[in-house]
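**Q** Sequence:
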Amino acid sequence: MTFSQIPPETRPVLIVSGFVLAILVLGTAYTLATAGTAPLLMPGYLLQQLQTGAFLGIVAAGMMMVIVLGHIDLSVPWTMTAAAMVASAVGGLWAIPAGLAVGLAAGLFNGLGVAVLRIPLMIFTLGVDSVLRGLMVAQTAGFAPQDRATGTMRLLAAGKVAGVPAAIFVWLAVSVAIAVLLRRTAFGREIYATGTSEAAAYLAGIRTRRVIVGAFAASGLCAALAGVLLAGFSAKAYQGMGTPFLLPAIAAVVIGGTRILGGQGRYAGTFAGVVLIVLLNSVLSIMQMPEAGRQVIYGRVILCMLLVHGRSARSPS
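Residue numbering for the sequence shown follows my numbering, starting at 309 and increasing by one per position.
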């Protein structure tokens, strides 16, 4: 079977998997040549990297649902932060539900603003992000939060099950849920139809407003869950903790083959995209690459992946 005979939706997964393998090989060769060790081949080290990557993976799962619609959720950073701070402040049995409720509320509000009020999505979601930031800064008077994460939050984020970090199992559970939702349910098919053409989907009888609100609600829930887990991993919430996750989450979805204009993409590609970003950051850390150099290499990989996807999309199937 030639590359052109592979189904178009499967090609991005294979391409990203090839990049992941290349990073493993090149990273291992570098560490063997410079330090005489191969941490990228050590299961313990890889599990540690995937544990921290689980937070990004959960955010990317929700972000993919929005991008398949042709939208982008820019409120993710402070949705994560607000959920973590509220969960830590509430404490007890209601900590995690309270944090998830914050994300659900933010997602529903985003969806209503975009689908019902028809406000440009970037302006609206960025505005929601700013509102959440202002509320959290006002709550703490600008100081670092003093509330600690609950034992359950720490267990889910930093605990282990049979030697495997529990956060990875949470990520896998979210991954299965999103994959099944997108590929095996009527709502998932409606998301793809709406992302392909909202007008055509509406004329076909799909309640497009409900679909958009539901996708943003899922994105908010995933961002909130990632924030709650990150607070558990760090033992407490802190200001701006979600900021580093926005661009990598979008990048993971896009380099995984999801069309930025909507209507196309598989979650397997997003999953592979997250693994690619995690391994790339790991290799750059091992190489002690300065932050400026990391950003340059990080950007080159993203551009390279986009070019490869573009060429494969134009090739005959």
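The set of hints was computed from the structure by calculation and includes no laboratory data. Fair warning: there could be bad hints in the mix.
As the list claims (entries may be wrong) - Quick list of the computed label-pair ranges, beta carbon to beta carbon:
no., residue 1, residue 2, range
1, L443, Y510, 28 to 38 Å
2, G326, A449, 35 to 45 Å
3, R602, P351, 21 to 31 Å
4, L355, L434, 27 to 37 Å
5, S505, E599, 21 to 31 Å
6, R608, I568, 35 to 45 Å
7, R608, G400, 24 to 34 Å
8, Y510, M595, 48 to 58 Å
Bear in mind that the values here come from a model prediction, so they are computed numbers and not experimental data. Yeah, the Cβ is synthetic: ideal placement off N, Cα and C, and Gly gets one too.
**Q** The structure should be examined with respect to each hint, and the outcome stated for every one.
**A** Consistency of the hints with the structure:
no. : hint                    : verdict
1   : L443 x Y510: 28 to 38 Å : holds (35 Å)
2   : G326 x A449: 35 to 45 Å : violated (50 Å)
3   : R602 x P351: 21 to 31 Å : holds (25 Å)
4   : L355 x L434: 27 to 37 Å : holds (36 Å)
5   : S505 x E599: 21 to 31 Å : violated (41 Å)
6   : R608 x I568: 35 to 45 Å : violated (18 Å)
7   : R608 x G400: 24 to 34 Å : violated (47 Å)
8   : Y510 x M595: 48 to 58 Å : holds (50 Å)
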